[in-house]
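If you're matching them up, the sequences are chains A and B in order.
For what it's worth, this note's numbering labels the leading residue of the first sequence as 234, then goes sequentially.
For what it's worth, this note's numbering labels the leading residue of the second sequence as 16, then goes sequentially.
Keep in mind that the hints are not guaranteed to be accurate.
[Unchecked claim] Heads up, simulated DSS-like pairs for lysine-lysine below, C-alpha to C-alpha not over 27 Å straight-line: (1) B:LYS307 <-> A:LYS655; (2) A:LYS300 <-> B:LYS307; (3) B:LYS81 <-> A:LYS533; (4) A:LYS649 <-> B:LYS307; (5) B:LYS70 <-> A:LYS504; (6) A:LYS649 <-> B:LYS81; (7) B:LYS419 <-> A:LYS649; (8) B:LYS70 <-> A:LYS562; (9) B:LYS81 <-> A:LYS562; (10) B:LYS81 <-> A:LYS504; (11) A:LYS531 <-> B:LYS81; (12) B:LYS70 <-> A:LYS570; (13) A:LYS570 <-> A:LYS531.
[Claimed, not checked] Not close to chain A: a few residues of chain B, all C-beta gaps over 10 Å, as computed: (14) PHE28; (15) VAL214; (16) LYS222; (17) LEU317; (18) GLN354; (19) ALA407; (20) TYR411.
[Claimed, not checked] Covered stretches of chain B (chain A as the covering partner; in silico rule of three or more C-beta atoms under 8 Å from a C-beta of chain A): (21) 54-61; (22) 135-143; (23) 289-298.
Hint data in this document are derived by calculation from the structure and do not stem from the laboratory.
No residue lacks a Cβ here, since even glycine has one placed at the ideal position from N, Cα and C.
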Amino acid sequence: MNIIKLVMRDEWRYWRRTRVATTVILIGVVLSLASVVINSIEMRQAAVERAELQRTSEANFIEQPDKHPHRMVHYGHYVFRAPSPLSIIDPGVDAYTGTAIFLEGHQQNSAMFADQRQSSGMTRFSSLSPAFMLQVIVPLMLIMVGYSCMTREREAGTLHVLITQGVKVRDILIGKFLSVLGSGVLMLLPLILASLWASVSGESVTITASFVLGYVLYILIWSAIVLWVSSISARSNASFAILIGLWVVFCILVPRIGSSTAATLVTSAGKLETDFAVREELRTLGNGHDASDPAFVKLKQDLLDQYGVDDIADLPINFRGAVATHSEKVLTDVLNKYADARMEEELSQAEIARQFGWLSPMVSMRTLSMMISGTNLETHHRFLREAESLRYDFVQALNHVHEHDLDYDADVSRYKNEETAKAARVDASHWDVLSEFSFEPESSTFRLSHSMVYALQLLFWLGLMLLLIKQASRRIL
Amino acid sequence: MVLFSDLVREFRFLSKQRYIVLFLFAVFLLSAFAVWSGVTDSHQQQVAIERLLEKDAVDRESVLAKQVDYGDAAYYSFHFTYDEPSPLAFAAMGQRDVYPWKHRIRMLALEGQIHETDAENPELSLLGRFDFAFIISVLLPIFVILLLHDLRSAEREAGRYDLLVVTAKNPYKLWTARALVLSAFLAAAMLLPLIVGAVVMQAPLLKTGLMALLALGHLLFWVVLTMVVGRVMMARGQSSPRIASALLAGWLALTVILPVVGETVINQLIRSPNGGEIVLLQREAVNDAWDKPFAATWDEFLKTHPEWAEHTEMESSFHWKWYYAFQQAGDQQAAELSQAYRDAIVKKDHAAGLLSLFSPPMLVQRLMLSLAETDVAASLAYEQSVRDHHRALRLYFYPLLFEKGEFDSQELADIPVYGSHTVRY
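Kindly generate the complete structure, drawing on both the sequences and the hints.
Here it is as structure tokens:
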């Protein structure tokens, strides 16, 4: 134990003396702290702004004056996706998805206003998020700090002296490992603080704990990679070149190759394309605005039979409202079929890209991090689904009002003059059919159970590295 | 002067260094992959556009055939607009996965439609694409640093340095020749796939040449920088890893830190209206019009279309001309905000352009995007072309709606069709 401490202390003393390592660590800590602060402020702002817009949008809807109910269907409603507490560390796909959706009758709109569209386009590398710092920059700093931890001793001949004097190879390796790890943990500190902050602002403790644990695992892996390369290389420059090469491969190449591969293997038809397919299918289903559309003949006959009358004007309900309800339902079934297929495609693309985690610990860390913080593709899809169910509910509720609270004759003659237009309105109290939208990330159990695979990927990397180090330790001299 | 025989000698020497040959081969494979995926992507986009054009025509035809008045015809006919990838887009896909390049619009208020983004998979966009521009702007410096940082110091550390310098007639020639051969092979490994890609995509010669020149210029910059830093630091007795760390720190600062921090600062300094406000404003304006007196709509509408002042009488409480007039009025009310939104994009792009003068990798990337017409300017030009088309639709339908003529389905044959917008530079 004492030996391990001595080795560690000696390594740290060397860093202090040469200054390079201390400067690197200092820059690392400052950058990661800055990223946590900037990102926290930005995400807080976004959260407040979106909550405010959500409230305004709901208030606007409820406060609409007396109207024809179908006009409210077209007036529509906006929903905004609230960021999850951990997005102060990992904003995930937030910047790329668009965070607001306009909900209206007869169609499913896509999310609007992705932040990336508004960015200066300076860098697609990433924004300065703490997640990016820790996943990409901190490993580079660990390399700069530790590439020579073993090769230096070897080049100076001190490694030989140490071992012949009876110091165990294992102790030297553990000492070096802990010293590199220590510098990584220093750079991890801002993230730990931010996670505590996320816990305070409502994230479950299991989630934040596993989040931090994931990053500790990641730092362990990179420290092990640095130690391994340094102990198998004969010279410092070889160790350095190999480590930088590995960093480029793991942090830059594999993720991008993964995403390009996924996009080429599974082609996803855009929303426009499915829109056309939807319209083709709908041409046979009828236009809900036009109650005389031949597609509604059957509906008409069914209703006439049900109420035992001969003319739609004699129905106790508003036939136009019945048509609107019916066609919205049929339409939504078709729309959902295509929307689900699209999400399936996107998910299978993401699945392919995520499998590249077996080729790069950075990819596994990134997936794990987004999964646990609830800022991944699945969360965005759930947002789309919840928005859609809200849309369907309020549109159908308005159609119900149209069907039962608005007289058919008044409805048909609504455009004749101002009098009839007034008669074809319903009371504004009906607008409270809109339910409140509050978007929450998935439950912690869901997020944890879905991140098992990626935790396994990280453990695989750690196991692999420890195994390699063990093997290298046998041929250390 | 470096003689040909020097180059041949260095070539023989380097070709025997297995790890350099392997390294260059790896670079070639990366570049080939980048070009291949770029070509596939471009091709898929072109095919998608053709397919959508066909479906669009069928859809509109079948919709128009059923219509009995002009208002319905305008309401139910959608128009597909698109931005075709330029022949060089395969080399620099830029922001095409984030910026919208296809829309379906109709004659309703445009502000409610134009901000829709038919975006690609966000998780893949987050990971970023691997295109040729990325290799040149981000990876090339690392290749150069790995290959050339220990040009001299490796010889010294191997104990051959003094011998080499003493025996060479002119020691400068030795290093220049070696650096020249190495960078020539590196350039060939990266550029060969580009040329093949350009031939496949039938890219214009001039622009392909400029793109290659950009790559060579960036290569030259990093070769010179690496050689100078290597020489100066070696003279001060620094080891190869030290030299490489210093160079990599420079790379990190120029390619990662400066752009990432710069982006954060630019976003803070240049405030842009929240996009949500544009659509909310437009929606309120359009929906309120139903409950306002007709005159309110006409006043706003006639500001831009005074020629219809004599045609605003309403014989019932609904008329399509009034409906489309308040759609236009809604756009007009949101116009200022929408313009501010676009101005902010331009300003941010401009600021980024200034900042990139301090970072050669970013400068190279921006120039490549502009050559490939995948930059912010190109995206805004496309957006403008969509606006122009929407305007053409309005100008086409207004006479039909305002002048009381009988419906004639023959008239609809001349409905404006979106043509790919012309080259923007």
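Each hint tested on the structure:
1. Between LYS307 (chain B) and LYS655 (chain A) the CA atoms are separated by roughly 13 Å; this keeps the pair inside 27 Å, and the hint holds.
2. Simply put, LYS300 (chain A) and LYS307 (chain B) have alpha-carbon atoms about 12 Å apart, close enough for the 27 Å limit, and the pair holds.
3. Between the alpha carbons of LYS81 (chain B) and LYS533 (chain A) the distance comes to roughly 22 Å, so the proposed pair stays at or under 27 Å and holds.
4. Under the criterion of a C-alpha separation no larger than 27 Å, the hint pairing LYS649 (chain A) with LYS307 (chain B) is consistent with the structure, at around 17 Å.
5. For the hint linking LYS70 (chain B) to LYS504 (chain A), the alpha-carbon distance of about 14 Å falls within 27 Å, and the restraint holds.
6. The hinted pair formed by LYS649 (chain A) and LYS81 (chain B) meets the criterion: a straight-line CA distance of about 25 Å does not exceed 27 Å.
7. At roughly 19 Å between alpha-carbon atoms, LYS419 (chain B) and LYS649 (chain A) fall within 27 Å of each other, so this suggested pair holds.
8. Of the supplied pair hints, the one linking LYS70 (chain B) and LYS562 (chain A) holds, its CA atoms being roughly 25 Å apart against a limit of 27 Å.
9. As the CA atoms of LYS81 (chain B) and LYS562 (chain A) are separated by approximately 24 Å, the hinted pair is consistent with the 27 Å bound.
10. Annotation: proposed proximity of LYS81 (chain B) to LYS504 (chain A) holds, straight-line Cα distance about 26 Å (limit 27 Å).
11. In summary, the hint linking LYS531 (chain A) to LYS81 (chain B) is supported, as the alpha carbons are separated by about 21 Å, within the 27 Å threshold.
12. Between the alpha carbons of LYS70 (chain B) and LYS570 (chain A) the distance comes to roughly 20 Å, so the proposed pair stays at or under 27 Å and holds.
13. Of the supplied pair hints, the one linking LYS570 (chain A) and LYS531 (chain A) holds, its CA atoms being roughly 24 Å apart against a limit of 27 Å.
14. Distance check for PHE28 (chain B) against chain A: the nearest CB is about 19 Å away, which clears 10 Å, and the non-interface claim stands.
15. The claim that VAL214 (chain B) is not at the interface with chain A holds, since no C-beta of that chain comes within 10 Å of its own (minimum 21 Å).
16. Here LYS222 (chain B) stays apart from chain A, with its beta-carbon at least about 20 Å from theirs, past the 10 Å limit.
17. With a closest Cβ-Cβ approach of about 22 Å to chain A, LEU317 (chain B) is found to remain outside the 10 Å limit, as its non-interface label requires.
18. With a cut of 10 Å on Cβ distances, GLN354 (chain B) stays outside the contact zone with chain A, its closest approach being about 15 Å.
19. At roughly 20 Å, the least C-beta separation between ALA407 (chain B) and chain A is larger than 10 Å, which holds for a residue marked as non-interface.
20. Distance to chain A confirms TYR411 (chain B) as a non-interface residue, since its nearest Cβ pair spans about 22 Å, more than 10 Å.
21. Evaluation of the coverage hint for the segment 54-61 of chain B: fulfilled, as 3 residues show C-beta separations to chain A shorter than 8 Å, against a requirement of three.
22. Counting residues of the segment 135-143 of chain B whose beta-carbon sits less than 8 Å from any beta-carbon of chain A gives 9, enough to reach three: the coverage restraint holds.
23. Coverage of the segment 289-298 of chain B by chain A holds. Counting CB-CB distances below 8 Å, 6 residues qualify, and the rule asks for three or more.
Hint violations for this structure: none, all hints satisfied.
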